[in-house]
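Peer 1: Given next are the chains, with one letter for each unit.
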Amino acid sequence: MGRVTTATVILVMVVLTALAFDFTNGFHDTGNAMAASIATGALSPKMAVTLAATLDLVGALISVKVALTITNAVIDGIQMKTGVPNPQFIGSDNGKQGTILLMVVLAGLVGGIVWNLLTWLLGLPSSSSHALLGGLVGATIAGFGFSQVNWLGHSTEKLDGVVGKVLIPSLISPVIAFIVAAVGTRIVFSLTSKMGDKFRESRFRYGQVGAASMVALAHGTNDAQKTMGVITLALIAAGQVDVSQEISIPFWVKLSAAVAIALGTYLGGWRIMRTLGKGIVDINAPQGFAGDTSTASVILASSGLGFALSTTHVASGSIMGAGVGRKGAEVRWSVAGRMASAWAITFPAAGLVGAVMFFISNLMPQLLGATVVMAILIAVSLYIWMRSRKDPVDKHSVGKDWEAEPDAAHVAEAVPHAHH
Amino acid sequence: MNNLIIALDGAWKVLLAGLLLGAGIPTLFAMAVKGLAMAEGGEAAGGASPRAAGKLMAAVFFFIILTLVVYGLAWLIFTSLGFKVGFSGPFPTFSK
Chain A
1 MGRVTTATVI
11 LVMVVLTALA
21 FDFTNGFHDT
31 GNAMAASIAT
41 GALSPKMAVT
51 LAATLDLVGA
61 LISVKVALTI
71 TNAVIDGIQM
81 KTGVPNPQFI
91 GSDNGKQGTI
101 LLMVVLAGLV
111 GGIVWNLLTW
121 LLGLPSSSSH
131 ALLGGLVGAT
141 IAGFGFSQVN
151 WLGHSTEKLD
161 GVVGKVLIPS
171 LISPVIAFIV
181 AAVGTRIVFS
191 LTSKMGDKFR
201 ESRFRYGQVG
211 AASMVALAHG
221 TNDAQKTMGV
231 ITLALIAAGQ
241 VDVSQEISIP
251 FWVKLSAAVA
261 IALGTYLGGW
271 RIMRTLGKGI
281 VDINAPQGFA
291 GDTSTASVIL
301 ASSGLGFALS
311 TTHVASGSIM
321 GAGVGRKGAE
331 VRWSVAGRMA
341 SAWAITFPAA
351 GLVGAVMFFI
361 SNLMPQLLGA
371 TVVMAILIAV
381 SLYIWMRSRK
391 DPVDKHSVGK
401 DWEAEPDAAH
411 VAEAVPHAHH
Chain B
1 MNNLIIALDG
11 AWKVLLAGLL
21 LGAGIPTLFA
31 MAVKGLAMAE
41 GGEAAGGASP
51 RAAGKLMAAV
61 FFFIILTLVV
71 YGLAWLIFTS
81 LGFKVGFSGP
91 FPTFSK
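So the protein sequences, as listed, match chains A and B. My numbering puts the first residue of the first sequence at 1, with every later residue one more than the last. My numbering puts the first residue of the second sequence at 1, with every later residue one more than the last.
Extracted from the complex, chain A is given alone in its bound form:
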């Protein structure tokens, strides 16, 4: 009886942590849909986050294509074809359902959250999916060994493994978005070259709101599904789901994940939106429209063609493309470079945190270990939040000129202390 209670308590912690991750996923990605609209004044910040949150919620709720086997793409054979975890990973305690997989998932989620918060503090748009998968892979290495990670993939038909799901798309998708946005912007400017600036600006703002809404909706159908998949995996591992029939996602999982990501979106990741909308390049409404249309098109095209990619990479690539598409625009390559470095280290860094969390929890009895990991997560989150108050970015300052703000490098210098 005692063991069952342990698994249940840890399961509750895993579910709460997964929802917390989903929440960070929300505010980390608000900018993907709305940064350009806020930067060009097409939407007020308040309107923008309200619209994005609503569409995220709708997108998350209508989508039944839940990423039930998301972990399988990077962890070898952890789930069978149906989505049920392989018994060897669950482990057992005195013949009862064990908690190893739950601990790995918990540690992985904590890795994803910590990395999302840190990059948010730095105002860097990095991929939440990479943070999640990185955290899970790190915890897997710690819990099951290096060889258990599906590095190269096995499939000959679809992209698979760390290389196929994480590495290659992150190299290719920003480039595609960059090209599409640059071409779109160039065409728009050549067609509207004789038009009065004020007229053009005001009309293109309408188009921009439409394109941004499409991005927000597409985001909802993609991102919340990952959390739903992870929670369901944990429920199965804890023996809470009847696996003798086809697995369906419990409605409360769907609803709570949809609400968590929408609330996060509504909170608005102002620091990240500032970088995306103002930091990389100054854009006007035609550029914002071309950029957002490019983001929406590339995301929809790739999900239609089964090509996994990160919304963040696409949105950032589009904004840069929209920047260079207009003659005379200046892209701040130093900001773009910092962002690209953040992309490169997201996966391993989240993995490192995930692995360390698993090792820590593994030093003590599981219930205590899970509690300690949760305590560390809360402490780190509070610390990062307090640091962010020293140099706050909110809906009032999100649209200010880039140069007028305290130097971004100043924050970057201050942050390494956050690692303790």
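Hints listed in this document are in silico derivations from the structure and should not be mistaken for laboratory results. Check each hint, because a few of them may be wrong.
A few chain B residues that face chain A, going by a derived Cβ cut-off under 8 Å, partial list only [what the hints assert, rightly or not]:
#: 1; residue: Ala7
#: 2; residue: Val14
#: 3; residue: Leu15
#: 4; residue: Ala17
#: 5; residue: Gly18
#: 6; residue: Ala23
#: 7; residue: Thr27
#: 8; residue: Ala37
#: 9; residue: Ala39
#: 10; residue: Pro50
#: 11; residue: Ile64
A short list of chain A residues far from chain B (calculated; beta carbon distances all over 10 Å) [unchecked claim]:
#: 12; residue: Ile62
#: 13; residue: Ser244
#: 14; residue: Thr371
#: 15; residue: Lys390
#: 16; residue: Ser397
Quick list of in silico lysine-lysine cross-link-like pairs, DSSO-like style, CA-CA up to 30 Å [what the hints assert, rightly or not]:
#: 17; chain 1: B; residue 1: Lys84; chain 2: A; residue 2: Lys158
#: 18; chain 1: B; residue 1: Lys13; chain 2: B; residue 2: Lys84
#: 19; chain 1: A; residue 1: Lys400; chain 2: A; residue 2: Lys198
#: 20; chain 1: B; residue 1: Lys96; chain 2: A; residue 2: Lys158
#: 21; chain 1: A; residue 1: Lys327; chain 2: A; residue 2: Lys194
#: 22; chain 1: B; residue 1: Lys96; chain 2: B; residue 2: Lys84
#: 23; chain 1: B; residue 1: Lys84; chain 2: A; residue 2: Lys327
#: 24; chain 1: A; residue 1: Lys198; chain 2: B; residue 2: Lys55
#: 25; chain 1: A; residue 1: Lys194; chain 2: B; residue 2: Lys55
#: 26; chain 1: A; residue 1: Lys158; chain 2: B; residue 2: Lys13
#: 27; chain 1: A; residue 1: Lys158; chain 2: A; residue 2: Lys46
#: 28; chain 1: A; residue 1: Lys400; chain 2: A; residue 2: Lys327
#: 29; chain 1: A; residue 1: Lys46; chain 2: A; residue 2: Lys400
Glycine included, every Cβ here is placed at the ideal spot set by N, Cα and C.
Based on the hints, put chain B in the right spot on chain A.
Peer 2: Only chain B this time, still in chain A's reference frame:
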């Protein structure tokens, strides 16, 4: 190696579809706004006098964009809901 081949194969398709939509829609929208500017004349059209044909031009291009957006939304919503989306002539079809 497999991954690389699959990725490159997928990448050019995404690029092509992305260009078609992601550069095509801004082109259509720019044409529609151009029509609006023509209809308004003056400052909006770089000093030209208003021309009624601009209204028609704007209407045609906005209609095309609207149709594409409705298709896009239908596709996004119905594939999310687990339907297969196909086409029968100009009309989308949905099947489980």
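Peer 1: So which of the earlier hints does this model not fit?
Peer 2: Structure breaks hints 9, 10, 11, 12, 23 and 27.
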